[in-house]
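Residues per chain, in single letters:
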Amino acid sequence: MKLIPTLFAAAVLSVSTFPVLAKVAIGEAAPAFSVSDSNGKPRSLAEFKGKTVVLEWTNAECPFVKKHYGSGNMQAQQKEATAAGVVWLSINSGAPGKQGAVSGADADSIVKAGNAGPTAYLLDPEGTVGKTYGAKTTPHMYVIDGQGVLRYMGGIDSIQSDDTADIPKATQYVKQALAELASGKPVSVPVSQPYGCSVKYGS
Amino acid sequence: MVRLLARLLALLGLAIGASAAARAEATSADHLALELVAEHTALVAGAPNWLGLRLAHEPEWHTYWINAGDTGLATKLEWTLPAGWQAGAIDWPAPQRLQIGDLYNFGYSGEIVLPVAVEVPAAAAGSTASLRVLANWLVCKEECIPGKAELSLSLPVVAGGSATGDAAAAGLLRRALAQRPQRLDAANAHYRMDGDSVVVEISGAGLPAAAGLDVFARQPQVLANAPARIEAADGGLRIVAPRSEYFTAAPAQLDLALVRRDGDSVTAWQVTAKPQSAAAATPAAAGTGLTATGVAGGSDIGTWFALLLALLGGAALNLMPCVFPVLSLKALNLVESLHSPAAARRDGLAYLAGTVAGFVALAAALLALRGAGQNLGWGFQMQSPVLVAALAYLMVALGLNLSGAFVLGARLGGVGQSLTEGSGARAAFFTGLLACIVATPCTAPFMGPAVGYALTQPPALALAIFAALGLGLALPIVALSFLPLLARFLPRPGAWMNTFKQLMAWPLYLTAVWLVWVLMRQAGADGTALVLLGLVVLIGALLLHGSFQLRAPSWPRRLATALLLLLALSPLAVLQPQAESTSAQGKLWTAWSAQGLDALRREGKPVLVNMTAAWCITCLANERVALSSEAFARQLQRDGIAYLKGDWTSQDAAITTYLAGFGRNSVPLYVLYPRGGGAPEVLPQLLTPHLVADALARAAAGSSAPPVQRSSP
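Quick note, the sequences are listed as chains A and B, same order.
Just so you know, we're using the working numbering here: the first sequence kicks off at 32 and counts up by one.
Just so you know, we're using the working numbering here: the second sequence kicks off at 2 and counts up by one.
Calculated from the structure, these hints are not laboratory results.
Heads up, a few of these hints could be off.
Unchecked claim - Here are the simulated lysine-lysine pairs, DSS-like style, with alpha carbons at most 27 Å apart:
#  : chain 1 : residue 1 : chain 2 : residue 2
1  : A       : Lys162    : B       : Lys142
2  : A       : Lys80     : A       : Lys206
3  : A       : Lys206    : B       : Lys606
4  : A       : Lys129    : A       : Lys143
5  : B       : Lys275    : B       : Lys646
6  : B       : Lys142    : A       : Lys97
7  : A       : Lys97     : B       : Lys606
8  : A       : Lys216    : B       : Lys606
9  : A       : Lys80     : A       : Lys129
10 : A       : Lys129    : A       : Lys72
11 : A       : Lys200    : B       : Lys275
12 : A       : Lys97     : A       : Lys110
13 : A       : Lys206    : A       : Lys97
14 : A       : Lys97     : B       : Lys77
15 : A       : Lys162    : A       : Lys80
16 : A       : Lys200    : B       : Lys606
17 : B       : Lys142    : A       : Lys129
18 : B       : Lys588    : B       : Lys646
19 : B       : Lys149    : A       : Lys200
20 : A       : Lys129    : B       : Lys149
21 : A       : Lys216    : A       : Lys200
22 : A       : Lys97     : A       : Lys200
23 : A       : Lys162    : A       : Lys206
Please work from the sequences and hints to get the whole structure.
So, in structure tokens, the structure goes:
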């Protein structure tokens with residue numbers, strides 16, 4: 032009977048000492064989430080069970096996001112992935128009033144104007160999903176396999192810069208991870224340093 | 002519009018003032034003004050000169066340090082200089098910690114100069130130099146704006162020794178120089194993984210106090226960016242920081258800037274921490290807790306456990322081929338003391354004292370040399386051709402003695418016991434010493450982690466671990482000498498003992514052959530020929546000595562023997578290590594280099610790394626047994642596994658560093674990197690074909706150490 036209070040105390044303790052930005056780990060289950068997409072429809076990770084899912088933290092006004100959209104790199108990867116049956120979720124964790132924070136309608140027009148091709152654009156104004164995953168930068172990328180296991184986290188590619196000229200020279204980590212997962216291989220680079228602007232969380 | 006105008010004006014200024022003494026082009030960008038500045042109004046030829054990029058940030062805006070932290074990007078400079086000029090890298094001043102919500106960045110706000118040393122050739126004196134630099138930066142408040150500008154500066158170049166005045170930015174530049182972390186030369190720093198934390202321990206003189214200190218790592222992806230805990234510990238400093246979520250591998254060195262800010266004053270120190278043990282160098286390895294021998298042990302295998310490993314390793318050394326020749330001497334020793342159990346026990350303990358003293362002395366020498374900055378490892382004495390040659394001499398001399406060519410110390414009567422032959426405690430002690438010297442080329446199972454651990458510990462503890470190794474080595478012999486059983490199985494002392502003695506000479510001759518072979522790889526054919534000549538003279542000298550022993554002693558005879566001995570030893574004085582040009586052509590392997598390994602890892606190829614040395618018998622045995630068969634070659638080829646071999650026969654600092662990365666300080670070391678970049682697996686020090694085949698198959702499939710954490714999709 033003493034077990035229950037003990038467990039409760041442990042739970043309280045672990046919650047209170049947990050860092051604000053949670054940690055996710057490669058090879059472990061990706062945390063569940065449920066938020067609205069740009070059309071107000073609730074979307075959850077569970078909904079895509081059995082499919083590979085890409086999470087892309089984005090902010091259309093961030094120069095590093097502009098680097099990959101202005102060059103067409105991000106859109107090409109989105110279209111290639113979704114054509115292969117991969118679910119691509121762009122997520123905006125910007126708090127209302129901060130740079131790059133959008134309404135559903137804004138998000139749709141950004142996607143349309145940029146000729147982007149995500150499966151859905153998710154709005155996370157509270158920053159819940161972002162903080163659960165420990166998303167720090169825009170872009171910040173995660174790949175989750177069909178079993179819901181995290182297989183990649185980090186930068187979009189291997190060259191940390193804001194210069195579009197670097198894109199052809201860089202290894203595109205998400206593209207590489209998706210190709211490896213599709214052919215049943217382990218992901219050769221499962222972790223890389225994310226780079227970009229900060230995710231504009233509220234307090 | 003304003004920016005354009007500013008640039009136009011600046012260009013105009015440059016055009017007008019091209020001949021002026023010092024004219025800089027300042028640029029204003031979004032939230033930032035930049036300028037290329039110099040310390041003095043003229044550059045001094047034939048010397049390094051301080052220049053720098055002056056950055057004036059608008060309030061709340063900042064640019065970044067070499068490690069930008071959670072977000073951001075370091076400022077970059079690309080110089081265009083006259084031919085023969087050299088610009089160094091940015092000599093970064095101590096960064097500030099910049100917090101935005103839960104994110105931490107490292108950089109600069111307010112006004113700062115990023116200093117760069119520019120080497121001006123002597124021939125440039127008298128000219129006016131035009132220096133140009135392309136600066137690339139990211140300036141952020143909460144939002145970020147990337148920027149790029151070409152800045153230039155025209156300065157007269159004066160001859161070396163001329164007086165120059167201070168430029169306008171001199172004060173600012175010198176303040177930045179003073180804010181550079183100063184290297185703590187006396188500090189000794191190590192870092193290790195402890196669960197999800199990184200622990201850095203710094204000891205040595207002149208360390209700053211822990212209070213009010215902040216720490217920044219130059220290398221990203223090791224420490225998480227939130228403030229670390231810094232505390233005083235054991236007379237030094239201990240830093241505990243969460244491990245970066247983006248940690249992939251422990252770098253060979255972790256450069257830390259320790260920074261104290263007190264109002265406007267900034268003091269900073271730099272220490273370089275080496276990985277303490279790489280048993281936990283990768284998250285996967287830390288998770289499985291596997292080290293080479295398959296024993297549980299994290300980054301810190303623990304003192305008692307290391308002592309136990311050393312003891313077991315020492316005992317296992319008796320089964321390794323290195324110690325065989327000495328064991329033959331010891332067997333002789335035992336046989337000769339059979340008649341008296343008391344003498345046998347005394348000799349056993351003397352032998353124990355010899356092995357322990359030998360290991361402790363070798364370890365003390367190793368620690369002292371490492372303390373003096375030499376990047377040496379266990380078995381270092383075998384990396385010296387002089388010592389290898391001397392050992393070959395010793396083996397031949399001892400062999401000749403056993404063969405009966407001469408008698409050691411016959412003329413010294415009752416006082417002199419022979420050093421290593423015959424009965425007597427002193428002989429046993431020196432046999433122990435010799436056992437230890439010849440045992441080091443063999444690393445036994447359990448020994449690698451213990452030796453690697455020992456060298457990261459305080460000296461007293463390190464020596465204790467080596468003493469345990471000596472104790473282990475002597476243990477079986479000591480046990481035998483305490484068992485009277487042996488006497489019952491052997492015939493009574495008699496003529497057979499002389500035959501036995503002569504037979505025991507042959508393992509020693511064979512050991513000499515092996516040592517000469519090692520020498521060939523260290524000193525080349527010429528050096529080896531000299532040593533062989535010396536050996537012939539030595540044999541002559543000892544035979545002569547033997548024949549003189551049958552006659553009355555006389556000064557001319559002694560002198561003749563001494564001169565011959567001197568002549569025999571003379572090649573030792575001229576032996577030089579020779580860089581060996583090993584041709585890897587037509588072989589299964591290619592020569593190891595850190596860069597080569599990195600390149601293969603980037604391609605995601607599976608790689609087998611074999612760290613070996615010609616004097617390492619364990620290595621050679623493994624290669625013969627498990628790394629040269631047809632099946633092994635086929636498996637490498639079929640699965641596209643690259644095989645890299647590093648040769649530690651002679652000193653090699655790069656290999657010593659690589660070994661340290663795995664918590665080792667000895668060869669052999671076998672590391673298998675799986676396909677696709679997973680955590681490397683360290684194979685045991687004794688290989689079997691079966692074990693290697695299994696490990697290669699795992700690596701080819703892309704999974705790491707046996708209890709695989711990740712379930713393959």
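Each hint, compared with the structure:
1. Lys162/A to Lys142/B: Given that 27 Å is the threshold and the Cα spacing comes to 21 Å, the pair holds.
2. Lys80/A to Lys206/A: Since the Cα atoms of Lys80/A and Lys206/A sit roughly 20 Å apart, the hinted pair holds (cutoff 27 Å).
3. Lys206/A to Lys606/B: Distance ~18 Å between Lys206/A and Lys606/B Cα, so the pair holds.
4. Lys129/A to Lys143/A: holds, 22 Å
5. Lys275/B to Lys646/B: Since the Cα atoms of Lys275/B and Lys646/B sit roughly 24 Å apart, the hinted pair holds (cutoff 27 Å).
6. Lys142/B to Lys97/A: Between Lys142/B and Lys97/A the Cα gap is close to 18 Å, so the pair holds against 27 Å.
7. Lys97/A to Lys606/B: violated, 34 Å
8. Lys216/A to Lys606/B: holds, 13 Å
9. Lys80/A to Lys129/A: Violated - the C-alpha atoms of Lys129/A and Lys80/A are around 33 Å apart, more than 27 Å.
10. Lys129/A to Lys72/A: holds, 23 Å
11. Lys200/A to Lys275/B: Status violated; Cα separation ~32 Å.
12. Lys97/A to Lys110/A: Roughly 17 Å separates the two Cα atoms, so the pair holds.
13. Lys206/A to Lys97/A: holds, 19 Å
14. Lys97/A to Lys77/B: Roughly 20 Å between the alpha carbons, so the hint for Lys97/A and Lys77/B holds.
15. Lys162/A to Lys80/A: Measuring from Cα to Cα gives roughly 22 Å; hence the hint holds.
16. Lys200/A to Lys606/B: holds, 20 Å
17. Lys142/B to Lys129/A: Holds: Lys142/B and Lys129/A sit about 12 Å apart, inside 27 Å.
18. Lys588/B to Lys646/B: Distance of about 11 Å is within 27 Å: holds.
19. Lys149/B to Lys200/A: holds, 20 Å
20. Lys129/A to Lys149/B: The given pair, whose Cα atoms are some 25 Å apart, holds under the 27 Å limit.
21. Lys216/A to Lys200/A: holds, 24 Å
22. Lys97/A to Lys200/A: holds, 18 Å
23. Lys162/A to Lys206/A: The hint holds at about 24 Å.
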